[in-house]
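**Q** This is what each chain is made of:
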Amino acid sequence: MSNTDFTLAVEDLTVSFDGFKAIDAFNLYIDRNELRVIIGPNGAGKTTLLDLICGRTKASAGSIKFNNTELTRMAEYKRVRLGIGRKFQTPSIYENLTVFQNLEVSYPKGRTVMGALAFKCDDEVKARVQVVAEDIFLADRLDLEAGLLSHGQKQWLEIGMLLMQSPELLLLDEPIAGMSARERDLTAELLQRICKNRAVIVIEHDMEFVKRIAHKVTVMHQGKMLAEGPMEKVQADPKVIDVYLGH
Amino acid sequence: MKAIQELIKRYQLASLLVLTLLLAVVLPLSLDIFRLNLIGKYLTYAFVAVGLVMVWGYGGVLSLGQGVFFGLGGYAMAMFLKLEASDPVTTAIQSTPGIPDFMDWNQITALPAFWLPFKSLPLTLIAVIAVPTLLAWIISFAMFKRRVGGVYFAIITQAVALIVTVLIIGQQGYTGGVNGMTDLKTLLGWDTRTNSAKYILYYLCVALLVGSIVLCRWIQTSKAGTLLLAMRDKEDRVRFSGYDVADFRIFTFCLAAALSGIGGALFSLQVGFMSPSFVGIVPSVEMVIFAAVGGRMSLVGAVYGTLLVNAGKTYFSESFPDLWLFLMAALFIGVTMAFPMGLAGLWESHVVPWWSKRKNKGKGGDAEPAGTDAAPPAAVAATAKPARQASADSALTKGLSDVGAQSAIPGSI
Numbered sequence: 027m028s029n030t031d032f033t034l035a036v037e038d039l040t041v042s043f044d045g046f047k048a049i050d051a052f053n054l055y056i057d058r059n060e061l062r063v064i065i066g067p068n069g070a071g072k073t074t075l076l077d078l079i080c081g082r083t084k085a086s087a088g089s090i091k092f093n094n095t096e097l098t099r100m101a102e103y104k105r106v107r108l109g110i111g112r113k114f115q116t117p118s119i120y121e122n123l124t125v126f127q128n129l130e131v132s133y134p135k136g137r138t139v140m141g142a143l144a145f146k147c148d149d150e151v152k153a154r155v156q157v158v159a160e161d162i163f164l165a166d167r168l169d170l171e172a173g174l175l176s177h178g179q180k181q182w183l184e185i186g187m188l189l190m191q192s193p194e195l196l197l198l199d200e201p202i203a204g205m206s207a208r209e210r211d212l213t214a215e216l217l218q219r220i221c222k223n224r225a226v227i228v229i230e231h232d233m234e235f236v237k238r239i240a241h242k243v244t245v246m247h248q249g250k251m252l253a254e255g256p257m258e259k260v261q262a263d264p265k266v267i268d269v270y271l272g273h
Numbered sequence: 005m006k007a008i009q010e011l012i013k014r015y016q017l018a019s020l021l022v023l024t025l026l027l028a029v030v031l032p033l034s035l036d037i038f039r040l041n042l043i044g045k046y047l048t049y050a051f052v053a054v055g056l057v058m059v060w061g062y063g064g065v066l067s068l069g070q071g072v073f074f075g076l077g078g079y080a081m082a083m084f085l086k087l088e089a090s091d092p093v094t095t096a097i098q099s100t101p102g103i104p105d106f107m108d109w110n111q112i113t114a115l116p117a118f119w120l121p122f123k124s125l126p127l128t129l130i131a132v133i134a135v136p137t138l139l140a141w142i143i144s145f146a147m148f149k150r151r152v153g154g155v156y157f158a159i160i161t162q163a164v165a166l167i168v169t170v171l172i173i174g175q176q177g178y179t180g181g182v183n184g185m186t187d188l189k190t191l192l193g194w195d196t197r198t199n200s201a202k203y204i205l206y207y208l209c210v211a212l213l214v215g216s217i218v219l220c221r222w223i224q225t226s227k228a229g230t231l232l233l234a235m236r237d238k239e240d241r242v243r244f245s246g247y248d249v250a251d252f253r254i255f256t257f258c259l260a261a262a263l264s265g266i267g268g269a270l271f272s273l274q275v276g277f278m279s280p281s282f283v284g285i286v287p288s289v290e291m292v293i294f295a296a297v298g299g300r301m302s303l304v305g306a307v308y309g310t311l312l313v314n315a316g317k318t319y320f321s322e323s324f325p326d327l328w329l330f331l332m333a334a335l336f337i338g339v340t341m342a343f344p345m346g347l348a349g350l351w352e353s354h355v356v357p358w359w360s361k362r363k364n365k366g367k368g369g370d371a372e373p374a375g376t377d378a379a380p381p382a383a384v385a386a387t388a389k390p391a392r393q394a395s396a397d398s399a400l401t402k403g404l405s406d407v408g409a410q411s412a413i414p415g416s417i
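Read top to bottom, the protein sequences are chains A and B.
Just so we're aligned: the first sequence equals residues 27 to 273 in my numbering.
Just so we're aligned: the second sequence equals residues 5 to 417 in my numbering.
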């Protein structure tokens with residue numbers, strides 16, 4: 027595949043599970059500073075796509091390039107170290123640790139065994155935790171056990187854990203699931219803030235929310251791209267209407 | 005003063021100090037040398053149990069083959085001692101003098117090449133740690149890099165234990181077979197069977213055990229310890245935060261193997277022989293039981309568990325030899341069903357809250373007549389709530405700041 031100046035270039039990506047093609051010759055290009063939302067009915071392959079990009083699922087064919095580095099055969103943790111952060115659908119945080127410790131553990135230093143043994147939580151780490159905690163509205167909850175946070179706050183915390191690593195590409199799977207209206211407002215504002223200087227891919231079902239945050243929308247259906255473009259254009263697309271109403 | 009208190013709490017030095025006092029002062033003063041030597045033997049198993057706390061409790065990976073590493077360390081030491089005991093003068097009646105007796109019985113006429121390093125004590129001491137660690141690395145690298153874990157890993161380690169036992173028993177001429185290596189007498193000319201030698205070896209064992217616990221505790225409190233707990237509960241989150249989960253598991257498994265090897269070497273020194281009966285499946289499972297009874301999250305608890313189960317074993321197997329195995333099995337099932345965190349867990353859930361409740365009552369009683377308005381209701385509230393809630397409250401009321409601190413650190417005793 028040729029090189030591009032996109033942050034993420036997915037080309038001809040295919041994955042098949044026992045012959046069933048969950049992702050079928052899929053193409054996707056994401057720019058820096060772009061916030062892309064992927065929508066589509068259940069089973070369209072949205073989460074599988076994120077799994078392929080971050081390495082949780084291995085691709086059967088095709089190419090995923092991150093800043094022109096081929097990812098398809100790279101180990102997950104190496105992709106993370108290149109600058110790809112993944113938030114899971116259900117908030118995945120360390121419930122027994124405090125908010126502070128959750129963020130501290132995610133700090134991208136001391137990632138090898140020996141590094142982790144020698145790791146010291148110095149002022150630099152503390153300052154970074156403070157900055158991120160303010161970003162995700164949890165600055166006054168640092169000493170609280172993460173398991174005691176509300177569902178929405180857990181979502182924020184997981185985003186914060188990714189931000190600790192200053193990733194260039196953020197993959198967020200349903201970040202506002204289980205959030206109150208006020209929390210959604212804050213999250214929309216948060217997402218607009220954090221897509222500066224990086225690319226963000228969000229999977230979301232709530233069309234009102236998508237409209238508020240998306241720069242561009244990609245509609246997936248049965249592992250293929252159905253439509254792509256600004257929200258208004260995509261919403262008016264007869265193919266999209268058909269898929270959504272048909273189900 | 006505050007800093008020292010912090011340090012004591014962080015590294016749980018108080019419980020370690022109590023254990024050290026028990027092992028180094030109370031037991032030697034109250035037991036005769038025969039019994040003390042027996043305790044020393046149990047303590048060599050405690051090295052394995054402490055390793056299991058790291059690998060099973062913290063790492064979340066159950067190994068049913070720790071006896072292999074105990075055995076390798078033990079055999080390494082025993083080979084050195086056996087060579088020393090087989091000098092040409094004492095073995096003059098053999099057809100080949102100067103080689104271990106069991107080799108002579110098996111028509112072996114020259115010392116095999118892999119025995120040669122064990123003529124040197126420094127090389128032997130290196131082998132005591134290096135050989136178990138290397139085997140552990142090979143097993144764990146092959147398994148963890150392929151993401152084999154849980155039950156499958158346990159079964160594979162059990163198979164390894166069986167294979168190694170069969171190998172040792174089968175290669176009688178090289179290993180002493182089912183009898184193992186017996187008649188180990190001296191270490192560099194120092195008779196290890198005298199009472200004074202037994203005392204010295206016992207204290208060496210205690211010192212190394214306490215050192216191992218401190219080392220493990222230091223690892224637990226480092227970022228690596230936090231990550232071990234994190235990957236036990238949320239493996240994918242750790243992996244997708246840029247950590248190679250397998251590397252951390254390999255490290256922990258190798259650490260546990262190295263500790264087991266040290267324990268094995270001390271066993272050979274104190275007991276004077278080594279045999280396949282300490283390598284196979286049964287001893288490996290027993291060692292898991294020691295850790296489980298003591299509490300698989302507690303380094304100190306694992307030592308108590310080892311001592312108690314072995315004391316029970318010695319007592320019951322003398323009185324009811326036929327019943328012992330059933331009792332052991334019942335104990336393991338009972339522990340996992342009724343108190344999965346072992347003795348340390350019981351201590352944490354029953355004794356500690358009871359103690360702080362008593363302490364608080366005293367505090368509240370003093371505060372009331374003095375007329376302070378904030379402290380008594382807070383004290384009552386803190387005792388009425390479960391420990392977790394109390395830790396949040398205590399941050400607000402400074403006077404109670406020590407109440408919930410233990411429960412804030414996951415898996416502490």
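Honestly, I wouldn't trust all of these hints.
Stated by the list, open to error - In silico DSS-like pairs for lysine-lysine, Cα to Cα no more than 25 angstroms straight-line:
| id | chain 1 | residue 1 | chain 2 | residue 2 |
| --- | --- | --- | --- | --- |
| 1 | A | K135 | B | K361 |
| 2 | B | K13 | B | K361 |
| 3 | A | K152 | B | K6 |
| 4 | A | K104 | B | K361 |
| 5 | A | K242 | B | K202 |
| 6 | B | K6 | A | K84 |
| 7 | B | K123 | A | K104 |
| 8 | A | K146 | B | K361 |
| 9 | B | K189 | A | K146 |
Just so you know, the hints here were simulated from the structure itself, not pulled from any lab data.
**Q** Could you grab the alpha-carbon distance between K123/B and K104/A and see if it respects the 25 angstroms cut-off?
**A** Violated - the C-alpha atoms of K104/A and K123/B are around 45 angstroms apart, more than 25 angstroms.
**Q** Please work out if K242/A and K202/B have their alpha carbons no farther apart than 25 angstroms.
**A** violated, 77 angstroms
**Q** Given the hinted pair K152/A and K6/B, is their Cα-Cα distance within 25 angstroms?
**A** holds, 22 angstroms
**Q** Given the hinted pair K13/B and K361/B, is their Cα-Cα distance within 25 angstroms?
**A** Distance ~19 angstroms between K13/B and K361/B Cα, so the pair holds.
**Q** Given the proposed pairing of K6/B with K84/A, does the C-alpha separation stay at or below 25 angstroms?
**A** The given pair, whose Cα atoms are some 52 angstroms apart, is violated under the 25 angstroms limit.
**Q** Checking one constraint from the list: CA of K104/A to CA of K361/B, max 25 angstroms. Satisfied?
**A** violated, 49 angstroms
**Q** Are K189/B and K146/A close enough, with their CA atoms no more than 25 angstroms apart?
**A** violated, 48 angstroms
**Q** Against the 25 angstroms threshold, does the CA-CA distance of K146/A and K361/B hold or violate the hint?
**A** violated, 35 angstroms
**Q** Do the alpha carbons of K135/A and K361/B lie within 25 angstroms of each other, as the hint requires?
**A** With Cα atoms ~41 angstroms apart, K135/A and K361/B exceed 25 angstroms; violated.
Checked against the numbered hints above, the structure violates hints 1, 4, 5, 6, 7, 8 and 9; every other hint is satisfied.
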